[in-house]
Amino acid sequence: GAVVSQHPSWVICKSGTSVKIECRSLDFQATTMFWYRQFPKQSLMLMATSNEGSKATYEQGVEKDKFLINHASLTLSTLTVTSAHPEDSSFYICSGEIAGRSYEQYFGPGTRLTVT
Amino acid sequence: QQQVKQSPQSLIVQKGGISIINCAYENTAFDYFPWYQQFPGKGPALLIAIRPDVSEKKEGRFTISFNKSAKQFSLHIMDSQPGDSATYFCAAHGFSGGYNKLIFGAGTRLAVHP
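If you read the sequences in order, they're chains Y and B. In this text, residue positions in the first sequence follow this note's numbering: the first is 1, and each later residue adds one. In this text, residue positions in the second sequence follow this note's numbering: the first is 1, and each later residue adds one.
Among the clues, some could well be false.
To be verified - DSS-like, lysine-lysine: derived pairs with alpha carbons at most 25 Å apart: (1) B:Lys42 x Y:Lys20; (2) Y:Lys41 x B:Lys42; (3) Y:Lys66 x Y:Lys20.
Hints listed in this document are in silico derivations from the structure and should not be mistaken for laboratory results.
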């Protein structure tokens, strides 16, 4: 149980374009979902927290107009990287928090974004 | 105060040996301490977790030791196997900025040699 999927798993886009990443909780309802960014050989950096039906809360230093997050339902959150640039190339990982069990986060497999 | 310090950065262990990874924290309000295992190109997977009112938790070959007074906790992998070669992250759960979040350590790259 507690499976999270991400789509796509790997995407290449050109500089200046936008790309959307989907995060789905497959067998549980996630009232809260988190988006992380991970550079090679580094730890996970929390970008934002999203609650279903509410605006996302962004970490300090994360541009909310560049990284658009929508948590449309209890099983789906999306991250849109707008006007992508090569420095946005990274591994993006989402996680879902099971309703009523706020301590446990289950992570998706990640999305590798390469901006050329 | 929100940091979680993890050591060592990398670790090489022979097959069958014990792998030990240590973490330290400052914020006494942290209330849950999970360990995650991550393979290259994959998302982190929850391995084992402990609450601060427990000093030790064991699941199979994996054991968390927790020292509340020292604000330290560690992961022990007994009988380490080549398949355990991965990056391990400790984390601490706490309330910050209006919501609960996980604070991750920097990670430890474990290599188990046959």
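25 Å Cα cutoff - pair Y:Lys66, Y:Lys20: 12 Å, holds
25 Å Cα cutoff - pair Y:Lys41, B:Lys42: 13 Å, holds
25 Å limit on alpha-carbon distance, applied to hinted pair B:Lys42 and Y:Lys20: 19 Å, holds
Checked against the numbered hints above, the structure violates none of them.
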